[in-house]
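Just so you know, the protein sequences line up as chains A and B, in that order. Every number in the working numbering is 310 more than the matching position in the first sequence, counting from 1. Every number in the working numbering is 153 more than the matching position in the second sequence, counting from 1.
Just so you know, these hints were derived from the structure itself, not from any lab. Yeah, the Cβ is synthetic: ideal placement off N, Cα and C, and Gly gets one too. Nothing false has been slipped in among the hints.
Derived Cβ-Cβ restraints for the label pairs, each shown as a range: (1) A:522 <-> B:253: 47 to 55 Å; (2) A:383 <-> B:252: 41 to 49 Å; (3) B:447 <-> A:383: 34 to 42 Å; (4) A:332 <-> B:176: 51 to 59 Å.
Lysine-lysine pairs mimicking DSS-like chemistry, simulated, CA-CA at most 30 Å apart: (5) B:425 <-> A:358; (6) B:162 <-> A:653; (7) B:800 <-> A:325; (8) B:425 <-> B:527; (9) B:788 <-> B:262; (10) A:653 <-> B:262; (11) B:494 <-> B:547.
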Amino acid sequence: MNTAILDDVPVPLLKRLSWQDWLYSLILVIGAVFAYVQYGNYMDVYEKSFLFGAAAVFSWLGWQWKPLRMLVIGVGAISLFAISLYDADLGRANQAFLLKYLISSQSAVMWMNVLFVLAMLIYWFAMFTRSEFAGKFASSMTWAAVLMGLVGLMVRWYESYLIAPEVGHIPISNLYEVFILFCLITALLYLYYEQRYNTRQLGGFVLLVVSAAVGFILWYTFDRQAHEIQPLVPALQSYWMKIHVPANFVGYGAFSLAAMVALAYLLAERGILATKLPALDTLDDVMYKAIAVGFAFFTIATILGAMWAAEAWGGYWSWDPKETWALIVWLNYAAWLHLRMVKGLRGPILAWWSLVGLLVTTFAFLGVNMFLSGLHSYGAL
Amino acid sequence: MKPAITTSKQFYELLSSMRFAVSLLTVIGIASIIGTVLKQNEPYANYIIQFGQFWFDFFEMLGLYDVYHSAWFLLILLFLVISTSLCIYRNSPLMLSELRTYRETATEKSLRAFSHKHAYQSVHSFDDTCQNLQQFLTLRGFRFKTVRHADGGELIAAKAGSYQRLGYIFTHAAIVIICVGGLLDGNVPFKVQELLGYKKVETLDIPESEVPAVSRLSIANLSFRANMTLPEGTSSDVAFQRMRDGYLVQELPFRIELKDFRIEHYATGQPKSFESDLLIIDPELKEPLAHTISVNHPLIYKGVAIYQSDFQDGGTKLKLNVWGLFSTQSKPLEVDGTIFKKAKLGEGDDALTLEFNDFRMFNILNLTGDGKGKPQNVGPNVTFKVRDTQGQAKEYVNYMQPLLLSGRPYFVSGMRETQQEDFRYLRIPADEDFTIDGFMRLRTTLFDESQHAEIARRFAKVAFGERSSGDLTQQKFEASVVQLLDAFAKGGYTRVADMIEKSVPEAEREKAAQTYLKIVNGAAFEAYNLSRERSGKQAESPNEENQQFLQESLNAISDLYFYGAPFYLQLTQYEHREASGLQLTKSPGKNLVYSGSVLLVLGIFAMIYIRERRIWLLVKPQTNEVLFAMSANRKNRDLDVEYERYKAQLDKVLRTR
Ligand code: HEM
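Take the sequences, apply the hints, and build the full model.
Next comes the structure, spelled out in structure tokens:
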């Protein structure tokens, strides 16, 4: 047989895995089993399936995208270390040196904020000077920011249980917490595409939205004391929240990413920074991929939201303003995909459209809570 | 010549076109936005106030107060269903044939016209070349069909990712299924019956048993979403559907009884859970079914889902003290009240009706001055209206316990004249025992004209001190103090200001005002001590504490004239009774919507993540030339990248021995 036929033949996923992959998954499974043995009595059947589901999903994601493995392990290790420093006493957050300055939830989130802004500046610097080194450094900073943000959320999760066991809940339940989630997901999506397409030049653009979100977090923290952990209102005490919210934010994050790439596209198309930015059709492709991912997840999130609403409010669709705006966002991107896929439209129109799409999305995410009232009242500013 | 296009054909073309569907979707989007900006299903009176009669009528005609259930909105949805169905009907055969076909009829000429094509010279024999190429394709996940041409050449037509085509069918079928499910659960059947005149929305506030049959929906009703408010210990077998400016009565195939309703709170006072212990009473059951529902944990019985949706008062019994604010009576009157019931105060033209509207045991308020501190529970309050014989009413909210405002305790009562206003608050300072008695004592003494002379005498004694001799100046002084006290007792600071305006020339008013204020304060302090003595308490000498109390009391007394009611209601005891708000829904379309949703997700993933690609490899006889062409139904970067890869790989396959 002609051996050249075999060159570069796609190998099935399981055969591609290295021992590191298996070790990584083993650690996740051991962690899940440990948590189950320790706390299984307090979990309902959904929480148990989420626990093992998370181990499976993060295994798979780590196999697909190797850098994620280090992140997951790192977040786990640092979070466990931080938790051990607490010694079951919330007051230690302001006493123990490492907690106070580094890895209490509040400090870790602050580090995330700082690192994101620094990373953005370095990305811009790297683009203008075409410095490979600075670009790599900016990527590392972004990874570090994601690491700190995730540690912040993990530790916050633990802290909520220290306030009182009944108060404890996953930290994706209010506007402050989901803004952190938004920063993390957007940055992670970006890092994925950065590696896939080798496009460090886009970092400065994408981190622009992330930095805007950081600005919001800072204002919300210092002006409104929003970082204080509040107990969950009854409507939010549901396992649905644990899947509905993350799915939604993959959508929001991906749409934001697409909008920032669209911005780069529009600039490059006008000859601004054109020599420093990736080729137009690469930008176009990243934009499309991001919107496709966002659309898929946003669809899932909306459906999950409907199922949750059916359980909490007594109807899967109530035309509540938040629901309605989710539908509008969804229709908007469905139209975008139609034009691209059916009519084969490319170029600046779609780029403008995804920029406007970001406005619509932002309104659905923030504006509805600020200007319209409805059943989603937990998100009020 | 083209055949003539008939109108019905044209209509069909229009209905099934993507342009039409997209226009419908745009209209739905815009209509939805209106529905989020304009608050839906408010009482009609609110809209009239907001827009005025003319626009109110206009908007009502357009159905803007319930956009999502208006006839035109439902009609658009119906058209969307029809349009999408036709679109599927029209495109599916094409999609399915695309899914099956290998396009093996491609000719050399057409392949050479491809944008992604390449020609090679194979170093292998004809048969080996064909075999290698087939293996090459199989290993990369392509399926293929081979055709032997008349000239002896072989065409291998291959494809991968054909299931992408199912994505189209799945997503679009899902839209139809979801819309049908939604329309089923919407109130379309009622709309039709209403149009035909079989049913009518009831707009009068009458007992349920008197609601006529045209406004009742039987248990046979396919789908509904209705509410039921059950006070503890009662039961019911009907629910209410609010609709526009009225309601409908929905009959149920069973009876629900509320045994108990519970709210649990976190340590900080925020609600932690709402739970209702229900009893389902159904003749078909041997014994009643007991079940506890809570938020996120409904009960489904006979296809009707029963949700914990809200709660309200169920007729709490109250005991209240009525403090006459302008009388000189030093003891309050006691009255009993019940939430949602009325009580009468006074006789004849001055009679006032108390309408008790709400009682809340927990009130989480943020009382810190800058709003940055923690909200906390400030205890019970009662909301009531005071209506006079003309029917005019003002609304009040009174807190049972003193609230700490900037560190000092006050009895707080809010007043407003219409629902649209914010409450304005009267703050009565609590005395050193945290009761309202100190203030009321002081107020009665100040308002009691028979005491004014005594107060003036005492005050003069203090004011003149050593020199006090009862001479003419002192008597004059006393007289003016009495005059001032009379004015204050009749209308607070406002009345005193009027007095100054009348009797003092403009240039001296400011100075006079200061003097008068000092006198009122000083006299009031004597009244304070006098009132203490009369109730057997020690007189005090002025200190910061009682001066502040005095000042705040005088401010409060002045505010009484704007309070709008001649009494202050002080809640003293209550016997709490709650009512649970249940939502009852029957939604047979739910399963359709959910299966449509699953189909939608599958379809979207198929459309986005399965990429249909086709490869043609034409091996020509004798020369062993190989023509490679590639296409995808979506022209994008992925195709370019993959084409380049295969091109290079094929080069290796065909040119290495
Ligand atoms: C509601 C009425 C709709 C109509 C009449 C309609 C019509 C069409 C038509 C005619 C195509 C072309 C199929 C082709 O030739 O490939 C198409 C493709 C598509 N539609 Fe729709 N559509 C509708 C709604 C939607 C919605 C709401 C979505 C959202 C998910 C959607 C997603 C798509 C996608 C992604 C494609 C590309 C399919 C492909 O190229 O394989 N459609 N649609």
